[in-house]
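Asks: Here are the chains, one letter per residue:
2 protein chains.
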Amino acid sequence: MPELRKDPVTGRWVIIASDRAMRPTDFVREQVIPKGGRFCPFCPGNEQKTPPEVLAFRPHGGGRNEAGWTLRVVPNKFPALRVEGELNRQGEGIYDHMNGVGAHEVIIETPDHLLTFGELSEKQVEDVFWAFRERVLDLKKDRRLIYILIFKNHGEAAGASLEHTHSQLIALPVVPKRVREELDGAKRYFDFKERCIFCDIVRQELDTGPRVVLETEHYVVVSPYAPRFPFETWVVPKRHYSHFEDIETSSIHNLGWVMRATIRKIDKVLERPPYNLMIHSAPIQEGAMTHYHWHIEIIPKLTKVAGFEWGTGFYINPTPPETAAKFLRDAGLV
Amino acid sequence: MPELRKDPVTGRWVIIASDRAMRPTDFVREQVIPKGGRFCPFCPGNEQKTPPEVLAFRPHGGGRNEAGWTLRVVPNKFPALRVEGELNRQGEGIYDHMNGVGAHEVIIETPDHLLTFGELSEKQVEDVFWAFRERVLDLKKDRRLIYILIFKNHGEAAGASLEHTHSQLIALPVVPKRVREELDGAKRYFDFKERCIFCDIVRQELDTGPRVVLETEHYVVVSPYAPRFPFETWVVPKRHYSHFEDIETSSIHNLGWVMRATIRKIDKVLERPPYNLMIHSAPIQEGAMTHYHWHIEIIPKLTKVAGFEWGTGFYINPTPPETAAKFLRDAGLV
Numbered sequence: 044m045p046e047l048r049k050d051p052v053t054g055r056w057v058i059i060a061s062d063r064a065m066r067p068t069d070f071v072r073e074q075v076i077p078k079g080g081r082f083c084p085f086c087p088g089n090e091q092k093t094p095p096e097v098l099a100f101r102p103h104g105g106g107r108n109e110a111g112w113t114l115r116v117v118p119n120k121f122p123a124l125r126v127e128g129e130l131n132r133q134g135e136g137i138y139d140h141m142n143g144v145g146a147h148e149v150i151i152e153t154p155d156h157l158l159t160f161g162e163l164s165e166k167q168v169e170d171v172f173w174a175f176r177e178r179v180l181d182l183k184k185d186r187r188l189i190y191i192l193i194f195k196n197h198g199e200a201a202g203a204s205l206e207h208t209h210s211q212l213i214a215l216p217v218v219p220k221r222v223r224e225e226l227d228g229a230k231r232y233f234d235f236k237e238r239c240i241f242c243d244i245v246r247q248e249l250d251t252g253p254r255v256v257l258e259t260e261h262y263v264v265v266s267p268y269a270p271r272f273p274f275e276t277w278v279v280p281k282r283h284y285s286h287f288e289d290i291e292t293s294s295i296h297n298l299g300w301v302m303r304a305t306i307r308k309i310d311k312v313l314e315r316p317p318y319n320l321m322i323h324s325a326p327i328q329e330g331a332m333t334h335y336h337w338h339i340e341i342i343p344k345l346t347k348v349a350g351f352e353w354g355t356g357f358y359i360n361p362t363p364p365e366t367a368a369k370f371l372r373d374a375g376l377v
Numbered sequence: 044m045p046e047l048r049k050d051p052v053t054g055r056w057v058i059i060a061s062d063r064a065m066r067p068t069d070f071v072r073e074q075v076i077p078k079g080g081r082f083c084p085f086c087p088g089n090e091q092k093t094p095p096e097v098l099a100f101r102p103h104g105g106g107r108n109e110a111g112w113t114l115r116v117v118p119n120k121f122p123a124l125r126v127e128g129e130l131n132r133q134g135e136g137i138y139d140h141m142n143g144v145g146a147h148e149v150i151i152e153t154p155d156h157l158l159t160f161g162e163l164s165e166k167q168v169e170d171v172f173w174a175f176r177e178r179v180l181d182l183k184k185d186r187r188l189i190y191i192l193i194f195k196n197h198g199e200a201a202g203a204s205l206e207h208t209h210s211q212l213i214a215l216p217v218v219p220k221r222v223r224e225e226l227d228g229a230k231r232y233f234d235f236k237e238r239c240i241f242c243d244i245v246r247q248e249l250d251t252g253p254r255v256v257l258e259t260e261h262y263v264v265v266s267p268y269a270p271r272f273p274f275e276t277w278v279v280p281k282r283h284y285s286h287f288e289d290i291e292t293s294s295i296h297n298l299g300w301v302m303r304a305t306i307r308k309i310d311k312v313l314e315r316p317p318y319n320l321m322i323h324s325a326p327i328q329e330g331a332m333t334h335y336h337w338h339i340e341i342i343p344k345l346t347k348v349a350g351f352e353w354g355t356g357f358y359i360n361p362t363p364p365e366t367a368a369k370f371l372r373d374a375g376l377v
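Chains G and H are the protein sequences, given in the same order. For the first sequence, this note's numbering assigns the number 44 to the initial residue and increments by one for each residue that follows. For the second sequence, this note's numbering assigns the number 44 to the initial residue and increments by one for each residue that follows.
The set of hints was computed from the structure by calculation and includes no laboratory data. A couple of the hints might just be wrong.
For chains that are exact copies, the list does not tell them apart, and a pair is met inside one copy or across any two.
As the list claims (entries may be wrong) - Pairs of lysine-lysine, DSBU-like flavour, derived with a Cα cap of 35 Å: (1) Lys120 x Lys49; (2) Lys369 x Lys120; (3) Lys311 x Lys281; (4) Lys120 x Lys166; (5) Lys49 x Lys184; (6) Lys49 x Lys220; (7) Lys369 x Lys236; (8) Lys347 x Lys49.
Taking the hints into account, I'd like the entire structure generated from these sequences.
Replies: Quick look at the structure:
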């Protein structure tokens, strides 16, 4: 019997189609293995082919926009939004529009073209999160920007246009609808229970166990109760903070290990699948919230989103999260 | 300068990235051309390979579940939901679930394996909508079912698992979140203006013109003001009805011509792209609504949905709807 499950935060229902339960090898997927061999603007020596850097880590020295970096952040050469200008909100009959003011940056995670995110060292992965934090703290000073999404598209099928491993950051002048829904859902739960829903999820998952992938001092990695996609995986900090950028040094250090282990498990079980990774965090101009809790969502690209999903916002997931978590747990730490 | 536009119904913002404005030929897409040559359960003679039919048109006679039909509706052999049983709503700590009760049917639009939807005759297309209507009116009698989505996945990249042209229908025991958002948005507008937002869209689009693809006695076909996807196209009836199944005979007759012309324009301009088509209609157990207006949405599959879209619900659309509408308008009636 298929089961309908409700996401406790957003209220979205999903269909867990356990009748057609799919195992990792049942999915048709494109293996992500960087090939190299073509010109790459993210490789060392090509620093002039990107807009000037806004941040770089150079532990052994070296000049700005020259080789020698271990991580580099640059504005996107083809930005979805522009940092210059005013919003200029306007009507057009019944419609509303404004200028596309915002920021769009690329975090080049390593100088090595052939490594994937899961193949970076613990220290390199940790550095990626330090870079995210530093960029958010800087962009936050611009009061026009009220929400920042940090995300990673891994593999062409997941939307990556360059294969050299990188993440992206888009700063927006509005709080997106999807984020507002999550904030509102968490607020409703808090108003009712006077507890954070994510803190409750952490507690219940650790208590019951079948959806836990791994646990460390600072984090729990779980297959969520009502996942939209097979092998969807959440990394949730145990300690309550609404904003990612408020993360503590010991927690960011632990995150390097946790993210590396999680991605390596996904790479092993699903044979290096394409995936998207997103940091869900509170709007940057708002103060600390007792009801919201930052976390990371990872969605391997294994199924196609089709008419039913577009028309309803319902998702049909052929792999129960308990099955997915068991595969990931059993994969060891590779 | 990129522009942010707001969908007037749901309040979702999209980024119209006019800087990187893409023309039809810029998209990498998979041409959908049925090949045939393999066993197909939807072809005449294979009626025993599907569950028994729930509806069929046999203008020249013939027995049930035998060849001779021009259109045939059967339950999905691998249904996402099952029609038997009770919902049995239950909690599981902080989580909620219920049994996957519902219906999942397939509308086989023609006996001819090699025709696509756009290649059917006007009469055949009209018959498809008659079949949709008849199935909704029948399923509506089951009071457990409160929402029906009718949709079509055209081409493998858009989620079709069989190439023989067909549509699907899924009847659900809950109103999906995405539908609820559209209903609520339309309600808010009505409460404020005492007018239907879709009636206002029809009026403003016909007044201004640049987003109109075609107009007939009963319908307007437009590129919506804030489309999520390039060449997203809406077919909106001029006359206000909240429920598709209340459609009048003259309107369904006109719809055969309108849908055929619209799909043929899309096939011509985008060279037979994969696409999804969805009928947006009011929940079947609720009475006629002054604030909601049924319509059809068509989304060609030209771009990839990636981390930014998943994380925010924002979409980046590289083709302004005014450009898309011009291409479709200029394509003629082929």
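Asks: Treating 35 Å as the Cα threshold, decide for Lys369 and Lys120: within, between, both or neither.
Replies: Close across copies (29 Å), not inside one copy (41 Å); limit 35 Å.
Asks: At most 35 Å between C-alpha atoms: does Lys311 with Lys281 qualify within a copy, between copies, both, or neither?
Replies: within (26 Å within a copy, 54 Å between copies)
Asks: Using 35 Å as the alpha-carbon threshold, which applies to Lys347 and Lys49: within, between, both, or neither?
Replies: both (21 Å within a copy, 26 Å between copies)
Asks: Regarding Lys49 and Lys184, is the shortest C-alpha distance of 35 Å or less found within a copy, between copies, in both, or in neither?
Replies: Intra 37 Å, inter 26 Å, cutoff 35 Å: inter-copy only.
Asks: Measure nothing new, just compare the shortest in-copy and cross-copy C-alpha distances for Lys369 and Lys236 to 35 Å and report within, between, both or neither.
Replies: This pair counts as within: shortest intra-copy Cα distance 31 Å, inter-copy 53 Å.
Asks: Are the CA atoms of Lys49 and Lys220 at most 35 Å apart within a copy, between copies, both, or neither?
Replies: Answer is both; intra-copy 19 Å and inter-copy 11 Å each pass.
Asks: Checking Lys120 and Lys166: alpha-carbon separation at most 35 Å within a copy, between copies, both or neither?
Replies: Within one copy, since 28 Å is at most 35 Å while 50 Å is not.
Asks: With identical chains treated as interchangeable, where does the CA-CA distance between Lys120 and Lys49 reach 35 Å or less: within a copy, between copies, both, or neither?
Replies: Between. Shortest inter-copy distance 25 Å satisfies the 35 Å Cα cut-off; intra-copy 40 Å does not.
In the structure shown, no violation is registered for any of the earlier numbered hints.
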